[in-house]
Amino acid sequence: MKAVIADDEELARRILREYLERDCADVVPEIEIAAECANGFEAVKACGECKPDVLFLDIQMPKLDGFEVLELIDPRIAVVFVTAFDRYAMRAFDAAAVDYLLKPFGVDRFRAALEKVARRVGETRPPSLPADLKNAARPAGEYLERIVVKDGTHVHVIPAGKLDYAEAQDDYVGLRSEGRMWLKPQTIASLEATLDPKRFVRVHRSYLVNVERLKRIESNTRDTWHAILADGARIPVSRGGYSRLNALIGG
Amino acid sequence: MHPIFQSWKVFLLYLAAWVPLGAILGLLISVAGLLTKTETAAIVAPVTVLLAFICLSPWYVCRGLPLRSTSAARLAGQHLLAAMVVAAGVLLAARLAASGFSTILPGLDRRFDAAAPVLTAMVAMIYLLSIAMHYVVIEAQTSRRSELLAREAQLRALKAQVNPHFLFNSLNSISALTASDAARAREMCIRLADFLRTSLRLGERASVPFREEMELTRMYLDVEQVRFGRRLRLHEDMEPACDECEVPALLIQPLVENAVKHGIALLDEGGEILLLARCVPQGLLFSIENPYDPAAPASRSGIGLANVRQRLEASYGNSAKLEVEASADVYRVTLFLPVKSLPMRAAS
Numbered sequence: 001m002k003a004v005i006a007d008d009e010e011l012a013r014r015i016l017r018e019y020l021e022r023d024c025a026d027v028v029p030e031i032e033i034a035a036e037c038a039n040g041f042e043a044v045k046a047c048g049e050c051k052p053d054v055l056f057l058d059i060q061m062p063k064l065d066g067f068e069v070l071e072l073i074d075p076r077i078a079v080v081f082v083t084a085f086d087r088y089a090m091r092a093f094d095a096a097a098v099d100y101l102l103k104p105f106g107v108d109r110f111r112a113a114l115e116k117v118a119r120r121v122g123e124t125r126p127p128s129l130p131a132d133l134k135n136a137a138r139p140a141g142e143y144l145e146r147i148v149v150k151d152g153t154h155v156h157v158i159p160a161g162k163l164d165y166a167e168a169q170d171d172y173v174g175l176r177s178e179g180r181m182w183l184k185p186q187t188i189a190s191l192e193a194t195l196d197p198k199r200f201v202r203v204h205r206s207y208l209v210n211v212e213r214l215k216r217i218e219s220n221t222r223d224t225w226h227a228i229l230a231d232g233a234r235i236p237v238s239r240g241g242y243s244r245l246n247a248l249i250g251g
Numbered sequence: 001m002h003p004i005f006q007s008w009k010v011f012l013l014y015l016a017a018w019v020p021l022g023a024i025l026g027l028l029i030s031v032a033g034l035l036t037k038t039e040t041a042a043i044v045a046p047v048t049v050l051l052a053f054i055c056l057s058p059w060y061v062c063r064g065l066p067l068r069s070t071s072a073a074r075l076a077g078q079h080l081l082a083a084m085v086v087a088a089g090v091l092l093a094a095r096l097a098a099s100g101f102s103t104i105l106p107g108l109d110r111r112f113d114a115a116a117p118v119l120t121a122m123v124a125m126i127y128l129l130s131i132a133m134h135y136v137v138i139e140a141q142t143s144r145r146s147e148l149l150a151r152e153a154q155l156r157a158l159k160a161q162v163n164p165h166f167l168f169n170s171l172n173s174i175s176a177l178t179a180s181d182a183a184r185a186r187e188m189c190i191r192l193a194d195f196l197r198t199s200l201r202l203g204e205r206a207s208v209p210f211r212e213e214m215e216l217t218r219m220y221l222d223v224e225q226v227r228f229g230r231r232l233r234l235h236e237d238m239e240p241a242c243d244e245c246e247v248p249a250l251l252i253q254p255l256v257e258n259a260v261k262h263g264i265a266l267l268d269e270g271g272e273i274l275l276l277a278r279c280v281p282q283g284l285l286f287s288i289e290n291p292y293d294p295a296a297p298a299s300r301s302g303i304g305l306a307n308v309r310q311r312l313e314a315s316y317g318n319s320a321k322l323e324v325e326a327s328a329d330v331y332r333v334t335l336f337l338p339v340k341s342l343p344m345r346a347a348s
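Quick note, the sequences are listed as chains A and B, same order.
Following the working numbering, the numbering of the first sequence begins with 1 at its first residue and continues without gaps.
Following the working numbering, the numbering of the second sequence begins with 1 at its first residue and continues without gaps.
Do not rely on the hints blindly, as some may be mistaken.
Capping the alpha-carbon separation at 20 Å, the derived lysine to any residue pairs in SDA-like fashion look like this [stated by the list, open to error]:
id	chain 1	residue 1	chain 2	residue 2
1	A	K162	B	P297
2	A	K2	A	K45
3	A	K162	A	T194
4	A	K162	B	A295
5	A	K162	B	P294
With beta-carbon atoms standing in for the labels, derived distance ranges [said to hold, decoys possible]:
id	chain 1	residue 1	chain 2	residue 2	range
6	B	N318	A	V211	33 to 39 Å
7	A	V157	B	E272	21 to 27 Å
8	B	N318	A	R120	56 to 62 Å
9	A	V107	B	A183	19 to 25 Å
10	A	P159	B	E272	24 to 30 Å
11	B	C189	A	R120	54 to 60 Å
12	A	R119	B	R211	55 to 61 Å
13	B	P209	A	F93	44 to 50 Å
Interface residues of chain B toward chain A, partial, derived using beta-carbon atoms under 8 Å [as the list claims (entries may be wrong)]:
id	residue
14	N163
15	H165
16	R227
17	D268
18	P291
19	D293
20	A295
21	P297
Read the hints as simulated data drawn from the structure, not as lab findings.
Glycine is no exception: its CB is placed at the ideal position from the N, C-alpha and C atoms.
Start from the sequences, fold in the hints, and give me the full structure.
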């Protein structure tokens, strides 16, 4: 079995290494630590290159945090969060992590996590929770301030303020930002649930619009409209979307 | 709303207290031989009930005229005027009662005039007494509230102080060191203990010399050094004259902790924290500069800074300053603390 460790603190990586290679070597035969990463970018890269079975993942790290890393890696990799913060447990549950280890943890606790991983090896992580549960998993008033997308082997970060609009495309969501379209395997509803509803409005079944980019609304026919954005993009607006926009802008 | 209405029990107790008061009032009038016992009761009973309610009104007047900020002449004038108005009103009511009861007790309305001066004087005195009582109650309330506020600030400071995640991460480092490097694990335990002990000790005081706050800050950084290794570097540029300046306890160390948590910890290569202290006329200038990742999601450090602002306001009013500047990749917090007694500069 192949494992990757991602933690920015050397000592935190050391204890995982010790537990894996020495204290719990009997749980999983032939465990191999394929890579040790000190930041989120490295973790995403290592997961792409080494194709590990399990990733031990810290949450607060330079470059990308643990949740962002999880979004960008192969869903077949079992993820065990390792953190000193207990307030992310709900989000970890939402992200379908195999386990959530609170620092500091003992050998027995680690062994239990590893046994869970061993039972789950090769299984695909279930898709994330429905949007309403996703909202419950997030502390009230806390929304994503940036969106991470994978561009080949690179990771691109889109600050929420620079996202013009998002468009549903089959199993993907297209993210329009700074003149480019980025694709991410995600539903538009789950994206909507993570963004601040005061800044992003679902104007149509397939469209989510950044209100700050909105220039004007053109009436099309009865019951349909077009939102014209600052860059000239024309986004269809449904009746429900029109009333949501009105409720937010109050015009 | 008057605090007496907050609970029925208190209100009933208050009304009960008026029974002996009314009795005394009646006794004074009947002892003077002005009225018979029955006549006294007929007048005094309604007057007492009326007074019980009127004597709650100073609550609003007293709060409008706080003892500290109102001149003695204005206080005396306003309250005496109010007492006169109240006395006149009560007298009028008493006279109405007298003429009402004169059908049962013939001649009461005529004899009442003789008792009027005593009654008026007593009512005015009782009303003035109730004003004094209200000032006592208001004063007690204010001092209790400011005590509560002070304790709350202390608790908040303590909470901000011993950040549990710092503790858990440090314990995790110790746990990692135990197998491979027992000596370093022990050293880290000792550093952590030193830091905790010192911060508890400083937390008991309102203000400490800058030197002691800096010692605590260094103990904190010693612990973090074990976690972050070469990623955490420190540069100090302190004027020795600042050492004895008094600063609020546990104000600076949490700011440095912010620099580590939101700056260094989120940088791959870490960076250098620059601490600068200068003695300037009227006070102490202190700044913390750290590199940070502008692309990292804005964190909750704003709450910590708001906390510091509140504490500064509580201890200095608006004469202390906290400024935050964020350039492309450097974050700087500058603190100005007015110092009442600056140490004499050596040799100058």
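Structure versus earlier hints - violations, ascending order: 11, 14 and 18
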